[in-house]
Amino acid sequence: MKTIFLISLSSLARHIHIWLEELIGNPNGVYITEMTIVGISLIVFLVVLCFFLGYAERKVAAFMQIRLGPNRVGPQGSLQIVADTVKLLFKEGLTPTAADKFLFHLAPLIMVITAMLALAPIAFAKDFQIFDMSIGVLYVASVSSMAVIGILMAGWSSYNKYSLLGAMRSGAQIVSYELSVGLSLISIVILTGSLKMSDIVMSQSDGWWLFKGHIPILISFVIFIIASTAEINRAPFDLTEAESELTGGFHTEYSGMKFAMFLLSEYINLFIVSAIAATLFLGGWMPLHFGHWEGFNHIMDYIPSSIWFLGKTFLIIFIIMWFRWTFPRLRVDQLLNLEWKYLLPISMVNILVVTLMAIMGWHF
Amino acid sequence: MGQDVLTEDGLFMVNIGPQHPSTHGVLHLKVWLDGETIVKIQPHLGYIHRSIEKMSENLSYRNFIFATSRMDYLSAHINNEACALTVEKGLGIQATPRAKVIRIIMAELTRLASHQLWWGCTGLDLGAVTPFFYAFRDREAINGIMEETCGARLTMNYMVPGGVMYDLHPNFQKHTKDVMASIKKNLADYDNLLTGNVIFEMRTKGVGVLSKEDAISFGCTGPTARASGVSCDIRKLFPYSGYENVQFDEILATGGDCYDRYMCRMAEMRQSVNIIEQLIDTIPEGDFQEKTKAVIKLPKGEFYQRVETARGELGVYIVSDGAASPYRVKYRSPGFSNLSALSQMAQGVKIGDLVAIMATIDLVIPDIDR
Amino acid sequence: MKEPGYFKTIYLSVISLLKGMKMTGYYFTHLKEIQTEQYPDNRATLVMADRFRGEVIMPHNDLNEHSCTGCQACEIACPNGTIKIITKQEILADGKKKKAIDQFVYHLDLCTMCNLCIVACPTDAIKMGHEFEHSVFDKSQLKKILNVKGSKVKAGVE
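Residue numbers (the working numbering), protein chains in the order written: chain A, 1 to 364; chain B, 365 to 734; chain C, 735 to 892.
Heads up, incomplete: computed chain C residues facing chain A, CB under 8 Å, no partners named:
{"#": "1", "residue": "Ile744"}
{"#": "2", "residue": "Leu751"}
{"#": "3", "residue": "Gly754"}
{"#": "4", "residue": "Met755"}
{"#": "5", "residue": "Thr758"}
{"#": "6", "residue": "Gly759"}
{"#": "7", "residue": "Tyr761"}
{"#": "8", "residue": "Phe762"}
{"#": "9", "residue": "Leu765"}
{"#": "10", "residue": "Glu767"}
{"#": "11", "residue": "Ile768"}
{"#": "12", "residue": "Gln769"}
{"#": "13", "residue": "Thr770"}
Treat the hints as calculated values from the structure; they're not laboratory data. For glycine and all other residues, C-beta sits at the position ideal for the given N, C-alpha and C.
Make a model of the complete structure from these sequences and hints.
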């Protein structure tokens, strides 16, 4: 199906590649320069993204709570997060005397690095991926589970029994919910037949999987959203950081820029989880096509693919934020109860149903 | 980790300190834990003790009422009413019929506002931030009524021995009716957001059970005790100030867990709206204040009056020796007895449940410390 | 796995969660319900209730006269010593000496706005003003003298 895009990030990338080849000539040099450019632009993108997400979170929270939210710093309060970040920069970064210094400094870095690494295979636009590896989905699932190491390191090295308690709880939570996340991802992989991100997106060119694989994929989608909210330690599963009758969780002892890095990693994780959901279930950068409505499809094609992708991601981010500001918190045993007794059995049965559906061709 | 932090029985003591987001005021709790399970709780009070009772010994019988607004500041009108009623008992007079009805309406508005703040804070303690704002929107409406008639929003000081300080604002009836209409609509919203929510039910059902015998033996009153089945509504058992002429139900439940306490208070909110609607159109005309002497002197003796605040039974006990100031004033505060049952209620629960229990007992620490 | 009520539990839970989300979603989309008062910006249009207790003031009329006779009823009524009346002896036209008010000292930092002084005043000399922004950097500015240089206007009684 021919699709026309007005602004094309992939052609931009191609032009830069050609220009660099003329400039430097040496293929290794071109490669290294491209990697540097990608790295820097990724960091800039993530920082801008976190500003935007922090602002959006506060505005969404405010509107749901019948109030205005930040509206003084910058136009409509958009520079509020910048002000908060500058404030965190100026804070004194305290390190407890008895803490394990190496691990203490390393933990936030690990969280941010694993969060950033998971962005590699995500398709931001047509032909615009940092690294389209053949095991895209597996890579994302494994890299995001390394975040547990960062959390446990932070809890352990703080030399504070309350932080350790919070970190242990958080570790248990993340490890258990990974199972449900993995099973939901597998259900799409079964239908597509490939782990490669671009293949998954291309297989949705005649309709998003959420519509094509009807009820089982819908169940998969809901389980994925719930389980990933638990993975990123957000409400209603945020007992480690907000149930502060004893402790502030694994990041109690952190202050200043290291604390900002924990917040940064939380928002990046939020973005990644929504991006994965958008790619696998909602079609990634594929525009919304309805079967044979040629006119409608043609109009939809004019909207650039990056706008489609970002729109879908932000929709899922909005839903996850909606959860946070509506529901009370779960207790730790209720949380694990939910996973092991409800989400996991349903996921397992769902996988069987999806496999049957894929073999018999019962999807659209 | 260095020193031995366990006590002899292997328990682990933790301070839930005076500065804390979940204790409703400055409450210091020492909690003995066995792993994650609570074995014993010891509250330490006194962080906001302002010696109101001792101060009252130097003030006249008109003056000492203002300090009680700051005791249980969420039921300020009812506290003031209790003091005024005790002085009236000593003088042997009754308030005028108009003042009695005004007192009931003000008391029920205060109860409604207090329960709304409690609802918002319960949601906040359990992790849902949004109910807090919805509750305050309605509470603002009630505070607007108070501001219009009494002039102040929190420490109203509107009750005097003999009646009320000045007459109602001409706009009072219409304003109250409008606010009641909007509150009735919003109470249904409260149920949607928190009451029926499965997460909320999981956190509160079966948690912090207080049996009927324990409630009586600890002296709990108010919705804390009524949820365990103890019938103790002072408005019904020892009616004062005209409550005998008003139709309302006493809300009792049998379970005694957090969910029952929650439902009791929600039902009480509806009863308060009901009472206000019964009375708002039929306020009798007449004086708003019974004439008393310029300097009030109570005869020698002891006088006690009990009222039903939003938290339970408040008792005001005045010992007089004939002078213009009381010899001794003692307040039987509802929060003190309810807090003493905390250790019993929190036997064997996890730490996360402690917050839920404290939220549903509805503590206001200045009431306990006076 | 198939406990009795397993699926019913799931169904009811999901329904209750969706009801909650519907409520917050309603307020998210109906921005007209926002109640925030943009306080420092709306000082020009801010109207307080007429009985609002901001601070005690002594209204003076156009001839710079007030109604305070210096009877000290408010000082006696005040529970915590916020008001101090300083009187002087004034010699009237017919030679008699009369007590009159020299300075009405009002400690705004002690006042609890309980209204007892207003009610106790027999000549309606003081009333509650609507000013509520009392913060100052220097505490001595909170000790106010309420009467300007003026004379009493009515034949008030002691």
